[in-house]
Structure formats: C-alpha cells, structure tokens
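Protein chains: 2
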Amino acid sequence: MEKFGPVRVGLLGAGTVGGGTFEVLWRNQAEITRRAGRRIEIARIADLNTARAGEIAAGRAEVTDDAMSVVTDPGIDIVVELIGGYGIARKLVLAAIENGKHVVTANKALLAVHGNEIFEAASRKGVMVAFEAAVAGGIPIIKALREGLTANRIEWIAGIINGTTNFILSEMRDKGLAFDVVLAEAQRLGYAEADPTFDIEGIDAAHKATILAAIAFGIPVSFDKAYVEGITNLQAEDIRYAEQLGYRIKLLGITRRRMDNGKLRGIELRVHPTLIPAKRLLANVEGAMNAVLVKGDAVGHTLYYGKGAGAEPTGSAVVADLVDVARMLTSDPGNRVPHLAFQAEAVADLPILAIEEVETSYYLRLRVADEPGVLADITRILADAGISIDAALQREPDEGENQTDIILLTHRTIEKQAIAAIARIEALPTVLSKATRIRLEDLN
Amino acid sequence: MEKFGPVRVGLLGAGTVGGGTFEVLWRNQAEITRRAGRRIEIARIADLNTARAGEIAAGRAEVTDDAMSVVTDPGIDIVVELIGGYGIARKLVLAAIENGKHVVTANKALLAVHGNEIFEAASRKGVMVAFEAAVAGGIPIIKALREGLTANRIEWIAGIINGTTNFILSEMRDKGLAFDVVLAEAQRLGYAEADPTFDIEGIDAAHKATILAAIAFGIPVSFDKAYVEGITNLQAEDIRYAEQLGYRIKLLGITRRRMDNGKLRGIELRVHPTLIPAKRLLANVEGAMNAVLVKGDAVGHTLYYGKGAGAEPTGSAVVADLVDVARMLTSDPGNRVPHLAFQAEAVADLPILAIEEVETSYYLRLRVADEPGVLADITRILADAGISIDAALQREPDEGENQTDIILLTHRTIEKQAIAAIARIEALPTVLSKATRIRLEDLN
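Residue numbers (full-length UniProt numbering), protein chains in the order written: chain V, 1 to 444; chain L, 1 to 444.
Hints are computed from structural coordinates only; laboratory data are not their basis. There could be a bad hint or two in this list.
Identical chains blur together in the list; that is why a pair holds if it fits in one copy or across any two.
[Stated by the list, open to error] Below 20 Å or equal to it, Euclidean Cα-Cα: the simulated DMTMM-like pairs (lysine to aspartate or glutamate) are:
| # | residue 1 | residue 2 |
| --- | --- | --- |
| 1 | K263 | E415 |
| 2 | K225 | D390 |
| 3 | K295 | D442 |
| 4 | K225 | D405 |
| 5 | K279 | E243 |
| 6 | K125 | D405 |
| 7 | K416 | E229 |
| 8 | K279 | D174 |
Just so we're clear, the structure is a prediction, and the values are computed from it rather than from any experiment.
Please model the complete structure; the sequences and the hints are all you need to start from.
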C-alpha cells in the first residue's frame, strides 16, 4: 500500500516527551502508516545524555550526542525539537530550517519569544514548522484554530492551559488548603517541578496564550506584551468566598479582540487568576486537565478538553504533526487527508457487532411485590449469569401499597446474557412488570 | 497579497444552512481571504425555490433552479451540497465528482448510507469530499479525528450528537415533565421539527455515529449495521431514579473497538439512551449543545463541545472545509496551512493592550470596620467611577470582633478606572486593609 518511502525523522531531546513520542509512533506504527500513507520512522535521536537516548532507542534508532549532525543530515526529512528553552533549541531549529528540514516542536517558550524569526525563516525556505504539542498537550487546539474555525472572526479565547496550576487550585478548593501546602503536595506527586516558577507565576500559560493570540487574530507573537500574573498570592478564603457567590477561581490565559464603540481597539493578552461562573464547563475542568474555550462569531462557543501534558498526550500531538507533514510531502494533494482518515487502500472491513454482542452496563427498573426475598431472588439470577451488581435502590412502598420499585445498576456484561437473565427475572412470581432496561456507560 | 485568483463555489440548496454559509463567507470575507490565501466566492446558488435562493444571493451571486447546470459548470471549482436526503443529493454529488469538482457537504444521511460509493468515485477522480458540517455542526470533530488524533489507536467515542434529543432530555430532567409534553414544547420553540422522527428515534445520531466509526477505525461506512434506539420510551421516573443514583440519561452515539481477551473482536456501533455518571463533563452538556468524547490510547480522553446545529455554526464548518480545499488548491504545499493561521503577508500588527486598558469584571475583598454606612461609602465611590456592582456579600463579624469582610463583584470596567476607584476606597478610614482584587470573566 505504500506508494512512497518512509519519512525519516531526527529527534532532538530524549526526555519525557521524546520517549512518549518514540513509544507512540512505534506502538501504533501500522495504524499511523494506514493514515499517513507512508511510514514515519525516527531514524536518529540526539541528546547530550546518550545513555538516556539509548534507552529510548533500544536499538531501533541511531543515537548521537551531536544534534547539529542531525539537523544537517541529508537523510533526515523532519526534525523534531523537544529540547526546550530559547538557547540551543533556537539555534538548532534555525539550522534545521536553513537545511530545508520541516520542523515539529513542542517548545512554547521558543515560539512565544522567537516565533516571528522562526516562521519567517521557514516561509523563506518553504518548510513547515508545526507546533500542535506547544499548547495544551494532546488537545488539537492549534489545528482547531488554524483550520477548524477559519470561517470565524475569533472574538476571544479563555483557556486553562497549565495543568500544574489547575491541579493546585483544584486541591486548594477541594481540601480548603493553603497554596504552599498544596504546592508541596503537587511537587511530591510530580505535578509540579522542583523549581515551579514557570508554572505558578503564569509564565508557561502566557507563552501558550501568546501563541493562541497570534493564530486567532493574525498578529505576530509578542510575549513581551503579555500581562502575566500567577497564583502565588491566592488566599484560600478568596476561593471560599468565590464559591459562596457561585464562582470558581481558575488561572486563565485570555486573549480578546477588544472593540470600543464598534471600533477595533486592539488585542487583550493576559494570564491571571480569574473568577468564572461555577456552572460553566470550564469551571468544572479539574486536576491537571486542560481546556480551551473559543468564541467565534459564526460558531459561537466551542470547547476543547484533554490532557495538557505528559509523555504520551504530548507525544500524540507531536506525531499528529508528523503525519500532517508526511501527508503534505506526498505528491497526491487531492487526497492529502484521506476521506475516511485512513488511506483508501488501507480501509479494513472489521465486523460491526450485532447489539446482542455488545458489552455494556445496565440500569434495570422492576415493579415487585413488597415481600422478603425478592431482591435476593433477582440478584441470584444475575449472579448465576455472571452479572455483578454495582448499586441497588429499593423504594419504600407508598402508603397502603404492597408493591414497590427495585432499581439495579449492573457491571459490564454481554447484552444477550443480560437479556436472558432479565427474562428469568421477569418470570419470577414476585416480579410484577416487564423490566425497564437502559444501558449505562461509565466513560472512564 | 492574493497570488491566486478566487476559488469559485456553486451552492446547492438555499435553506437555513445555505443562508448561514453565504452570510458567514460574505461577512468574514476579508479575514477568510487572509487565512486561505485566496478569495472564496459563491458564484452560483441553485434551488428549485429560486425566490428563496434570490433572498440569500441578494444580487451577490447568480441564482438558478437547475442544480445540474452548476455541477457541470466549468467555471465552478467546488460544489457545496446542502440539499439533504439520499435522492437528488446523491445524483448531484456524483455528477459533481465526475465533472472534477471538489465537494463539500453537510449531508450525514447521504454519507452514512452512500459514503463508500461517493468516496470511491472521489478517489478515482482525485477530488476532495469534505464533510465537517455533517457531524456535530460547528465543532471541528472530523478534523480532530482525521488529523488531530492520527497518532492514536482510537478506543471509543461517545457523543451527544443530536441537539433536539439533548434539549428534550435536559428539559425532562430539569422540569420533571413527560416526553410528549417536552416534545411539543421543543416543536413550539423550533428545536424539534414538525416530523421529529429522524431526531427522536435516533436515526440522525446514528448517521453521525456511523461516520465517526468509519474515520476512527478505518472501516467503510455501514449505517445498516448500526443499532438505533431513540428516546420515545423514556419515562420521567427513570430520569429521576438515575439522578438519585448519581447518573444522567443522555442519547449517546457510541462506537468502540471491542477487545475480548486481548483480541480485536469487532466494532460496536450503537445509539441509545445511556446513563452516564453525573460528574462527567459530558453529563453536563445541556440543552441543544453537542459534545463528543474520544478515548485514544496515547492522548487519553479528549472532549469537543459546541453548537451542533443552526445556520451559522453549521455554515462555520462548511466554510472551514472550503478554506481547506482552497489552501490545498494553491501550488504552495510547504505553506498549505500558514504557520500563524493567516498568510504571512497578511499578518496584522494590531496593538496588544496594556493591562491598564483591559476591560474585565472584578472580585474585591475588603477588611472593614463593622460600622453603618461602610458599604454605602464604598459603593458610592464605585458608582462615581462608573463601575456598577453585580453582587455583594457582607459577612457577620465573628463573635467579639468589630471588623468584617465585604466582598463585591463588579460589572465590566476598564482596569485603570478600577485601580483608581480602589485607591479611593482604600483611603476610607473604615477600610482597614488593602483590597484583594481578582479579575472575573463571565465567559458568556
């Protein structure tokens, strides 16, 4: 099925995200190839710590401590930069571009500060610089803004785009604890780094908000003009008062097209703790999760939610960028993105299961005689069918009634087994009605 | 800035979505051109009801009752099919493809039933068939699955993908009303059609779930194998019992890669009322909104939320597809999607406003003497500064204390005005501390 040879990737930086990227690409190689139309292979991994790089490669890629040799390697098509920071990363990215490589990066700091220089160089050389992983980890928010919402005049964006601070704020609210106490806990659990400054002072969120502002409004990246306020001064009592008033406090990255009397005044770009109504979905994004709410003039509100950090969620975004580049590199523009996501010749005719073969949980409601042993009879039938019970609710009969409702929630089972067991239950003399049966999914 | 001439579009079907598409494209023409790199213009509108088409066109496009003349017109690059149904729409889409036109369609029924035939014809002719608008309206879920999550083995998808039924279920739960009563209300409000069968019997959701299954798992569309159960038999008491047990009932489209003992058994594809834990974000998607939850092996859970229907939200997706095609049609593949979403030469240097110029609302906490008139003094200062108050909370002083906290929520104002007013408030002799000030956004 592969009309084209593999795309060869050089990976710079063998840290957490580098490992996640390699692992995801390796594990899902077959499926990714079916989507991309050609194999994507990480041929070389560069890290000063070659032992660390070697652990990731495990003999499946060449390891080097010389990153510059990767970005100048004529055999490399795409350079993935996962080093971070503004120093060597900038030099390597610019060198990769000069050498005609496409670049994929997760480096929000680099793009927020030096993005204009980098994108200009890339346009000059006609190469792509893809950066889905730079904002909100695995959530495809860059793609949504650059491609999914192109019809819209974007009015504003408000995002929970730093998982560390969202974890801390969630814990402060849940447990009524002070900032310092929760920060120490977050560090112990690995949700906050030993030096948490970038996260808790809002700098990381501001890097990401800067990138979102640029692609939402068509302006250059300008991190130096962002207003940045972290969460270090937040008091537990303010979280409590906010709660009483129907609000929650989140660290938001906000950017907004500001109109004054119908005239465009400029762009707001700011990161700060923010009260938001508790009923909004965004207010209910808890723990280390990320979510971005976008208001467009045509589409209205859309929200994008998922894991904003971590090896595989971030690796998911890096690999998606690699697939984008690989698809673009094929000479088949009419079918750049295959209609059904997978290349036409790679579509698989997997069976669609009949509903009787489906696996799910159930809510069952039964009208029963109010007699001892009824529930025991029912649960025995379910147990005999291998169906275990997650919760049961038996109503007191109404005054003067000798009937009542029993409600059961089951664990997962195959539908035909549930149907057979329910038929036996309905045959019990103490069961006075057909069962009402509604499927249940935990979605976890 | 336009290196290429305009892309010429023929629009088939002058209904609600046709009007929304035309309006969005016209209103945001300048911004869309900055993103697409070339102008996208609806040159012709076809509808048997030419009066209706004429109202949309208003002299800005040619109107015809002969749709076939549009799909065979050598001057047309892209055909947008918004007629709906399987009959004439299928014939016109296939004719457009045979004539080498790219096709954009919002027609989920057509794709769920005849998609394999249509995509095969399109691949043969090397044209795109784009269908973002076919599932979940303005939410870019097709793009997320086909491009954003390509690194993942998709495990399952569960979506609220029919707004009518979600509105009905939300109302049944909120108001404890029976299905029939709420359906009549939904029809009166325009959330349900005069013949609501397609929605309430789950058929519309099953069309969409069929498309999602195909692009998630790389299988052909196979609507005939989907299990479809609507909401017409749902009892108000089951919604109530579910609530007591910590669940909500939603009509979900579910598709899942079913593994049995580590072996791929097949694909589940089903639409039915489903209990889901009340704490899940998906359970809190209310009214006519849509949301799709996707579980990928690398990215974990991601969720996409927004308006699933309506003229402009659906038009937003249609126009996004047009931009995709327009970008693909340019001969500049290295810059197919511009780095910063807008074409490099169209980036605008809008001012980023200083934080003092930002407009926002505030939470203010003040430590005050427990004396009469304190709140009046404070609110007068705010009123003089043109800052109105949304809510106030004054705590009873603790036993034996003669101080207390006042918390105020303000309406929107410019930050420098808030700062000046707060300075005056802090100068009051009855105000005993610096104000704690946290910004507040309603996000509405």
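To see whether the hints hold, each was checked on the structure:
no., hint, verdict
1, K263 <-> E415, "between (60 Å within a copy, 19 Å between copies)"
2, K225 <-> D390, "neither (54 Å within a copy, 30 Å between copies)"
3, K295 <-> D442, "between (30 Å within a copy, 13 Å between copies)"
4, K225 <-> D405, "neither (63 Å within a copy, 35 Å between copies)"
5, K279 <-> E243, "both (11 Å within a copy, 18 Å between copies)"
6, K125 <-> D405, "neither (72 Å within a copy, 61 Å between copies)"
7, K416 <-> E229, "between (57 Å within a copy, 16 Å between copies)"
8, K279 <-> D174, "both (16 Å within a copy, 15 Å between copies)"
The structure shown violates the earlier hints numbered 2, 4, 6.
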